[in-house]
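We have chain A already, so just place chain W on it with the hints.
First to last, the sequence lines map onto chains A and W. Numbering-wise (the numbering used here), the first sequence opens with residue 1 and increments by one. Numbering-wise (the numbering used here), the second sequence opens with residue 308 and increments by one.
Treat the hints with care, since some could be wrong.
Partial list, derived from the structure: chain A residues whose beta carbon lies under 8 Å from chain W [said to hold, decoys possible]:
1. 77
2. 78
3. 90
4. 260
A short, non-exhaustive set of chain W residues, derived as facing chain A with CB atoms under 7 Å [stated by the list, open to error]:
5. 344
6. 405
7. 409
8. 417
9. 424
10. 427
11. 593
12. 603
13. 607
Read the hints as simulated data drawn from the structure, not as lab findings. Positions of the beta carbon are idealized from the N, C-alpha and C atoms, including for glycine.
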Amino acid sequence: LGATGLTLVFAIRKFANFAHGEMMTFGAYMAFMINVILGLHLVWGFVFAALTVGLLGVGMELLVFRRLADRGAVSALVASIGITLILQNVVNATFGTSPHVYAIVHESDIVFLTIGSVPLRINLLKGILPISVAAAMILLLHALFTRTILGKSMRATADNPDLARASGIRIRNVIHTTWAISGALGGLAGVLLGIYTDVRLGLGFQVLLFVFAAVIVGGLGSPYGAMLGGLIVGLAIEVATAFLAWLERPGVLGLESATQYRPIAAFVIMILTLLIRPQGLAGGKAVILPTSSRRFHLPRVRWRHGS
Amino acid sequence: VTLSPAVVDFANFLIPASIFAILALGLNLQWGHTGIFNAGVAAFLAVGTYTTAILITAPAPMTDQYPGHLGGFSWPFWAAAFAAMLLAGLTGLVIAIPILRLRADYFAIATLALAETIRLILVNARGLTGGTIGVLDIPRPFDRWTVGDPGLSDAYLAALAAGLLLMAFLGLEYLTRSPWGRVLRGIREDEEATLALGKNTMWFRLQAFVIGCAVMGLAGAILAPLVRFLEPNQFDPLATFAIYVMVILGGSGNNRGVIFGAFLFYSFDWVSVRVKDYLPEVIEAKIAPIRLIVIGLLLVLLVMFRPEGLLKEKKNTYPPVTR
Numbered sequence: 001l002g003a004t005g006l007t008l009v010f011a012i013r014k015f016a017n018f019a020h021g022e023m024m025t026f027g028a029y030m031a032f033m034i035n036v037i038l039g040l041h042l043v044w045g046f047v048f049a050a051l052t053v054g055l056l057g058v059g060m061e062l063l064v065f066r067r068l069a070d071r072g073a074v075s076a077l078v079a080s081i082g083i084t085l086i087l088q089n090v091v092n093a094t095f096g097t098s099p100h101v102y103a104i105v106h107e108s109d110i111v112f113l114t115i116g117s118v119p120l121r122i123n124l125l126k127g128i129l130p131i132s133v134a135a136a137m138i139l140l141l142h143a144l145f146t147r148t149i150l151g152k153s154m155r156a157t158a159d160n161p162d163l164a165r166a167s168g169i170r171i172r173n174v175i176h177t178t179w180a181i182s183g184a185l186g187g188l189a190g191v192l193l194g195i196y197t198d199v200r201l202g203l204g205f206q207v208l209l210f211v212f213a214a215v216i217v218g219g220l221g222s223p224y225g226a227m228l229g230g231l232i233v234g235l236a237i238e239v240a241t242a243f244l245a246w247l248e249r250p251g252v253l254g255l256e257s258a259t260q261y262r263p264i265a266a267f268v269i270m271i272l273t274l275l276i277r278p279q280g281l282a283g284g285k286a287v288i289l290p291t292s293s294r295r296f297h298l299p300r301v302r303w304r305h306g307s
Numbered sequence: 308v309t310l311s312p313a314v315v316d317f318a319n320f321l322i323p324a325s326i327f328a329i330l331a332l333g334l335n336l337q338w339g340h341t342g343i344f345n346a347g348v349a350a351f352l353a354v355g356t357y358t359t360a361i362l363i364t365a366p367a368p369m370t371d372q373y374p375g376h377l378g379g380f381s382w383p384f385w386a387a388a389f390a391a392m393l394l395a396g397l398t399g400l401v402i403a404i405p406i407l408r409l410r411a412d413y414f415a416i417a418t419l420a421l422a423e424t425i426r427l428i429l430v431n432a433r434g435l436t437g438g439t440i441g442v443l444d445i446p447r448p449f450d451r452w453t454v455g456d457p458g459l460s461d462a463y464l465a466a467l468a469a470g471l472l473l474m475a476f477l478g479l480e481y482l483t484r485s486p487w488g489r490v491l492r493g494i495r496e497d498e499e500a501t502l503a504l505g506k507n508t509m510w511f512r513l514q515a516f517v518i519g520c521a522v523m524g525l526a527g528a529i530l531a532p533l534v535r536f537l538e539p540n541q542f543d544p545l546a547t548f549a550i551y552v553m554v555i556l557g558g559s560g561n562n563r564g565v566i567f568g569a570f571l572f573y574s575f576d577w578v579s580v581r582v583k584d585y586l587p588e589v590i591e592a593k594i595a596p597i598r599l600i601v602i603g604l605l606l607v608l609l610v611m612f613r614p615e616g617l618l619k620e621k622k623n624t625y626p627p628v629t630r
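Same shape as in the complex, but just chain A (with noise of 0.2 Å):
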């Protein structure tokens, strides 16, 4: 979900939305405050957080992001590091350092499946929940890109902006859309790792990176690439954890603590998704590389010096 919100910004604004595992993090804060201060039922959690953070990311894009469109990629990427920082320390001194759990029941796993004499445990709310809240959403937006207008002019702007103007698209109006789907995306994100963990500070932050590997991998700007991106990352950091742990016997590596590195594997799939196919598994011709480097290998002219 995370992933899928951070791949829209991008698709129309052209950016790495850094802000976004902050916009995760304010999602939990505000399930958190209607959940445990007002005492409503998570669900209301949930709507709340959807909609404040779908609020937050159309103030920012009026506030900050529309007057940077036409600096480019990287004073946008400056300022939402910064709002970051503001969103990160704004909720640090409202509700303070410590971490928060919902005012919900912990279920204990069920055995769903017994094969042989492994019984395969789920947990009801850590692992259920997630993916159903997960494939509504993906069902959703499926149906919002191919069978409304919106989703039609979501997609034509991101293909080429200029292009959607002069076919009679408020591209404002899309774009502020967009960042709306995006930070509800993100909120209800947020929530859910909130229930996975609890709700701290950091929380967005902390998976960020992974959000980002699953962007990448899945191809930047296409929702449904994120979706497989992510899909592929939690492989992968499984994988890599077994791999890690088989080091740590004494008897292979010795090596301390190996498991703890399993986040870097989620790392070397990005960088080498970024190296071997930047466009990513679903992308288009996505351009990742300044034409410059992609003709790195010119040979390099020699001018002699006083002729």
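Chain W alone, transformed into the frame defined by chain A:
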């Protein structure tokens, strides 16, 4: 020798400010002059700091609480600082070779991932870095003459830091004013055109990146004796962006400007710690997040309204060639 408290106070201001200024100079070579967006400053600082700390510490007795780490070489400071620069530069070289071709925002993500990787290594490679306990009892280069006088020790270290800052400034100023620096600015403004002029832009970018990383390693070499003990949490990947504020605030592309930016920024930091006692309790408890909110706000506002910084980069005009 007893120094007046004001001198010691000034020394305590000068050391961190110089470290920040050296970091900002290193970043300025990469970002200000060449346009390389390095989001992993914390990583290169960490490499430099840990290298120095491991090389200059004396052998420590192993206890249950302090299981020890690689170290106990008792190198002289100068040699360790040189090694720190070398290793930080080498780290930069290794990471740059695959990813330097990427566009700025992808490069930023990749270097941020590097910073997180280095932090993981600092936390988990206990045999190398002492893990979360860290490296303890880091000596200062002038400890022999300052036994029992912490004020004098601070003053000596401040002189050393200021001296190294001056060296870094002069060296980088020389480099960036040279034709080499002109090529870097050419790459920043228009890489295609620079390539068309027959410059191997990737090679120049690689040089600028590695030298910048080595300068950050030098900052780490001063940080190690300043803090006297190290632990991985001092190298939060987000800390990198404070250095960006300094560079952008001072004026990216202007070496004098970024030093000014670093000193101004650290003055703000310094004052915010000093005024803490005079603030109402409600604000005092929140001073750390409020500081960071101000940094974030500053970053956004600078990018929006004054991207060239306080001290603008001087337009380098060269006298016409006469034959």
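**Request:** Check each numbered hint against the structure and report the violated ones by number, ascending.
**Result:** none
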